[in-house]
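Asker: From first to last, the protein sequence lines are chains A and B.
Mapping to UniProt numbering: the first sequence position 131 is 131, numbers consecutive.
Mapping to UniProt numbering: the second sequence position 101 is 101, numbers consecutive.
Warning: the hint list may mix true and false statements.
[Said to hold, decoys possible] No farther apart than 25 Å at their CA atoms in a straight line, the calculated lysine to any residue pairs in the SDA-like style are these: (1) Lys51(A) - Glu69(B); (2) Lys51(A) - Ile131(B); (3) Lys141(B) - Trp47(A); (4) Lys51(A) - Met88(B); (5) Lys51(A) - Arg57(B); (6) Lys51(A) - Val51(B); (7) Lys51(A) - Lys141(B); (8) Lys19(B) - Ala142(A); (9) Lys112(A) - Thr102(A); (10) Lys51(A) - Phe140(B); (11) Lys51(A) - Leu93(B); (12) Lys19(B) - Pro32(A); (13) Lys161(A) - Phe113(B); (14) Lys51(A) - Lys19(B); (15) Lys19(B) - Phe23(A); (16) Lys19(B) - Thr102(A); (17) Lys51(A) - Val45(B); (18) Lys139(A) - Ile131(B); (19) Lys161(A) - Met67(B); (20) Lys51(A) - Pro92(B); (21) Lys51(A) - Ala248(B); (22) Lys19(B) - Thr29(A).
[Unchecked claim] Simulated DEER-style distance windows between Cβ atoms: (23) Leu230(B) - Arg67(A): 22 to 28 Å; (24) Met72(A) - Asp86(B): 27 to 33 Å; (25) Ala44(B) - Leu35(A): 17 to 23 Å; (26) Arg65(A) - Leu230(B): 28 to 34 Å.
Just so you know, these hints were derived from the structure itself, not from any lab.
Note that beta-carbon positions come from the ideal geometry of N, C-alpha and C, so glycine has one too.
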Amino acid sequence: MSNTQGNLNTTAEVGIVEDGGSFPPFDSTTYPSQLLWLVLSFGVFYWVMSKVVLPRIGGILEDRRDRIAGDMAEASRLKQETDEAIASYESALAEARKKATTMAHDARSKVKAETESARAAAEEQLAAKLSESEQSISKITAESLSHVGEIAAETTGELVKALIGGRAPAKAEVAKAVDAALK
Amino acid sequence: MAGNSGNAIDPIHQFHISKIFPVEIGGVDFSFTNASLFMVVTVAVATLFLVLSTNRRGLVPSRAQLMAEMSYEFVAATLRGSAGNDGMRFFPLVFSLFMFVFVANMLGMFPYFFTVTSQIIVTFALAILVIGTVTIYGFFKHGAGFLKLFVPSGVPAGVIPLVSAIEVISFLSRPVSLSVRLFANMLAGHITLKVFAGFVVMLTGFGAVGVASAVLPLILTVAITALEFLVAFLQAYVFTVLTCMYLADALHPSH
Chain A
1 MSNTQGNLNT
11 TAEVGIVEDG
21 GSFPPFDSTT
31 YPSQLLWLVL
41 SFGVFYWVMS
51 KVVLPRIGGI
61 LEDRRDRIAG
71 DMAEASRLKQ
81 ETDEAIASYE
91 SALAEARKKA
101 TTMAHDARSK
111 VKAETESARA
121 AAEEQLAAKL
131 SESEQSISKI
141 TAESLSHVGE
151 IAAETTGELV
161 KALIGGRAPA
171 KAEVAKAVDA
181 ALK
Chain B
1 MAGNSGNAID
11 PIHQFHISKI
21 FPVEIGGVDF
31 SFTNASLFMV
41 VTVAVATLFL
51 VLSTNRRGLV
61 PSRAQLMAEM
71 SYEFVAATLR
81 GSAGNDGMRF
91 FPLVFSLFMF
101 VFVANMLGMF
111 PYFFTVTSQI
121 IVTFALAILV
131 IGTVTIYGFF
141 KHGAGFLKLF
151 VPSGVPAGVI
161 PLVSAIEVIS
171 FLSRPVSLSV
181 RLFANMLAGH
191 ITLKVFAGFV
201 VMLTGFGAVG
211 VASAVLPLIL
221 TVAITALEFL
231 VAFLQAYVFT
241 VLTCMYLADA
251 LHPSH
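Next up, chain B with everything else stripped away, as it sits in the complex (with noise of 0.2 Å):
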């Protein structure tokens, strides 16, 4: 019971990774765990809401309906808006990825649940996807002309050199900004929330006026919430258009 309550307010608990199915292949772990298991009910949720909402194709939409035809369109505004027409060709992928992490955020918000986007390795594995495909396709459309990206037109010969130096660590630091901006804000977040939530368990144990003074982080903890949810939704907007901004250089690699 010790151990428990002890867990109970261990901020960093929440974050823990433990095994459902125990898979091991060639000596490497891959078992199935809790956060295995949050993003299948990240894809699951996000999948089965865009395809029920949206099964009758109504021309007049239901309230469901409406949301996913928003997100559709936000997703498609945002990619359109830095990257152009050209763009839309990456519509899958930026809308997989702002659904993914938007609705991982979300589902994070839960008592009890796992945040899948808190994980260090999960954000720079879809930073490293993103900066992958913006490399890839650089390359494959422009040849060596994606190099331009790295020479800024208009730009002196004397700096070009050291503006060049800066824009390739620029380029090479964006999957860890990318990637850092994301897990930190929701550690970040989930921990505060944490802290300030176990300060209202811990503070109700020394009666009367313990109750009493519980009072301020229990405000907090709401105020906090509140503004978690409104995290949730932005790192997952800011992700989206990054994302976006860094398609738009691998189609027009020249500024």
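Next comes chain A alone, as it looks inside the complex (with noise of 0.2 Å):
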């Protein structure tokens, strides 16, 4: 660099002094030389970066926006899937759910009737025991009051001839007259 530092300086003085001072740009004897590699040096830039650099930097983007896609749709697919995967655990646990609660109230309701139809049974063999009771107690008393008036003419018998002594009365008017006696 140095090297091309001196050389520049040496020559910018000699420049001066041949050119008296003109300014360098509008100086046109340079423009051949400029355009000539400004042609050289700009073509093969434009070559290498239409040919080489451009694509290689737009495939690196295009490879990531690949990727990205790509990485992307397979998250939004697992994602489904996990839902898909609590939905169907969500619909199993709600059914299973559903079926505990018929089998415990069939079970309820079954021990209900069992109990409900054996309760029925023992009230009916009450009722019915309750109903002989009854009907033997009326059956009896009815037999006992029928007794009555043949106990009572017997007993008024015996004490009218105890009384009376002698004869004792016919039995029928004794029966008579207690059933009179009765009412």
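Two chains, two frames, some hints: make the complex.
Answerer: Have a look at this one:
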């Protein structure tokens, strides 16, 4: 670089003497050389850019875009799968819960029905026994009551016999009198 | 020694073109000069950076690869923004122009380096390349329909000659404005920088008072250097944006 710098300085001094201080950008004697080297260097640059650099960077960016899009698609697919799994798990859970409720309900109603029928049977039996007892009681009562007149007449006959002595009055007479007294 | 110090504060000196290898073809001077050297350096730096940084083709980019990718996407977005997707056929040209001008401008910021884009012939040649591409592609694609560019639709028939004349003049002045804008910005910036830096050198020659008063131009030099880095990028960007807009005209001549 220092070599170039020295070269630059010496030629510049010479240049000043030669040009008499003309303004360098408007010095048309340098134009052909500048144009030639600009065409060469910019031409090479353009060629390298369009053939190597830009396709490469474009490829890198596209690869990345594809990769990101692919990853996003994969992620959304996995998320959907997860959602489906959650949904199926929840529906299974709900079904199981429903089934358990039905089973519990069935068992409860079955037990209830059995208890109910057992109770009904017991009540029926009891009622039958009760009515039977009532019947026998009323029968005994009726029997007893039918014998009351007889006993009363007998007793009365004996009493009259004992009281008046002698012979006892006729049985029918006594019964008639007792009946009248009882009424 | 006096001549050297005179050169040191001569703000025009940095634009002098000196021969490195003299070449003469048919009596015309095609010498390899310092300007040629820095054209080659510009191309070499840009190419090496872009090739080496993308060599690994990393899915996860390194810093250098990210910069290469960002410059690619930056230019692609600029071109697509003004010329649409059809404009992407010109992407290699626009990208090469942007990188060439940008790297040339940035290399020009190094002390003692030659600024390729401070030569009107270089910027004019690049502008002619752009306008030439626009014109040739425009006529190739649309034939005479490309002339619709000079006849805006929805203009009353009476004023069409006037409007067309203005459009033609504006089209012809495009290469001039495109090249002069870049050239003048780089030239003026470097001259300003050199003048203020020259003040610092001059004032420090005047003892303690001079050194004290050299602080102000030194601060200005630092500030202008920062500004010039911005201008170096901005002018490359402006050149690219205008190129894209002109290419959009070639693709869609009817306004």
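Asker: Give a verdict on every hint.
Answerer: For each hint, the structure was consulted:
A threshold of 25 Å between alpha carbons decides the hint, and for Lys51(A) with Glu69(B) the separation of about 16 Å falls inside it, so the pair holds. With a C-alpha separation of about 23 Å, the suggested pairing of Lys51(A) with Ile131(B) holds against the 25 Å cut-off. For the suggested pair Lys141(B) and Trp47(A), the alpha carbons sit about 23 Å apart, so the restraint of at most 25 Å is met. Taking the CA atoms of Lys51(A) and Met88(B), the gap is near 15 Å; set against the 25 Å cutoff, the hint holds.
For the proposed pair Lys51(A) and Arg57(B), the alpha carbon gap of about 16 Å is at most 25 Å, so the pair holds. Of the pairs offered as hints, the one joining Lys51(A) and Val51(B) holds, with about 11 Å between alpha carbons and a cut-off of 25 Å not exceeded. Our distance criterion of 25 Å between C-alpha atoms is met by Lys51(A) and Lys141(B), whose separation comes to about 24 Å. Taking the CA atoms of Lys19(B) and Ala142(A), the gap is about 161 Å. The hint is violated against a cut of 25 Å.
Taking the CA atoms of Lys112(A) and Thr102(A), the gap is near 15 Å; set against the 25 Å cutoff, the hint holds. For the given pair, Lys51(A) sits about 24 Å from Phe140(B) by alpha-carbon distance, which is consistent with the 25 Å threshold. The straight-line distance between the Cα atoms of Lys51(A) and Leu93(B) is roughly 12 Å, inside the 25 Å bound, and the hint therefore holds. This hinted pair checks out: Lys19(B) and Pro32(A) have alpha carbons roughly 13 Å apart, not beyond 25 Å.
Taken as a hint, the Lys161(A) and Phe113(B) pair is broken in the structure, with Cα atoms around 176 Å apart against an allowance of 25 Å. For the given pair, Lys51(A) sits about 32 Å from Lys19(B) by alpha-carbon distance, which is inconsistent with the 25 Å threshold. Between Lys19(B) and Phe23(A) the alpha-carbon distance is near 17 Å, which keeps this suggested pair within the 25 Å criterion. Distance restraint check for Lys19(B) and Thr102(A): the Cα-Cα separation of roughly 103 Å exceeds the 25 Å cut-off, and the hinted pair is therefore not satisfied.
Between Lys51(A) and Val45(B) the CA atoms are separated by roughly 17 Å; this keeps the pair inside 25 Å, and the hint holds. For the hint linking Lys139(A) to Ile131(B), the alpha-carbon distance of about 139 Å lies beyond 25 Å, and the restraint is violated. The hinted pair formed by Lys161(A) and Met67(B) fails the criterion: a straight-line CA distance of about 153 Å is larger than 25 Å. The hinted pair formed by Lys51(A) and Pro92(B) meets the criterion: a straight-line CA distance of about 9 Å does not exceed 25 Å.
Our distance criterion of 25 Å between C-alpha atoms is met by Lys51(A) and Ala248(B), whose separation comes to about 24 Å. Between the alpha carbons of Lys19(B) and Thr29(A) the distance comes to roughly 12 Å, so the proposed pair stays at or under 25 Å and holds. Hint check: Leu230(B) to Arg67(A), Cβ distance near 36 Å, so the stated range 22 to 28 Å is violated. Checked against the given bound of 27 to 33 Å, the beta carbons of Met72(A) and Asp86(B), roughly 29 Å apart, stay inside it.
Between Ala44(B) and Leu35(A) the beta carbon distance is about 20 Å. The supplied range of 17 to 23 Å therefore holds. Hint check: Arg65(A) to Leu230(B), Cβ distance near 32 Å, so the stated range 28 to 34 Å holds.
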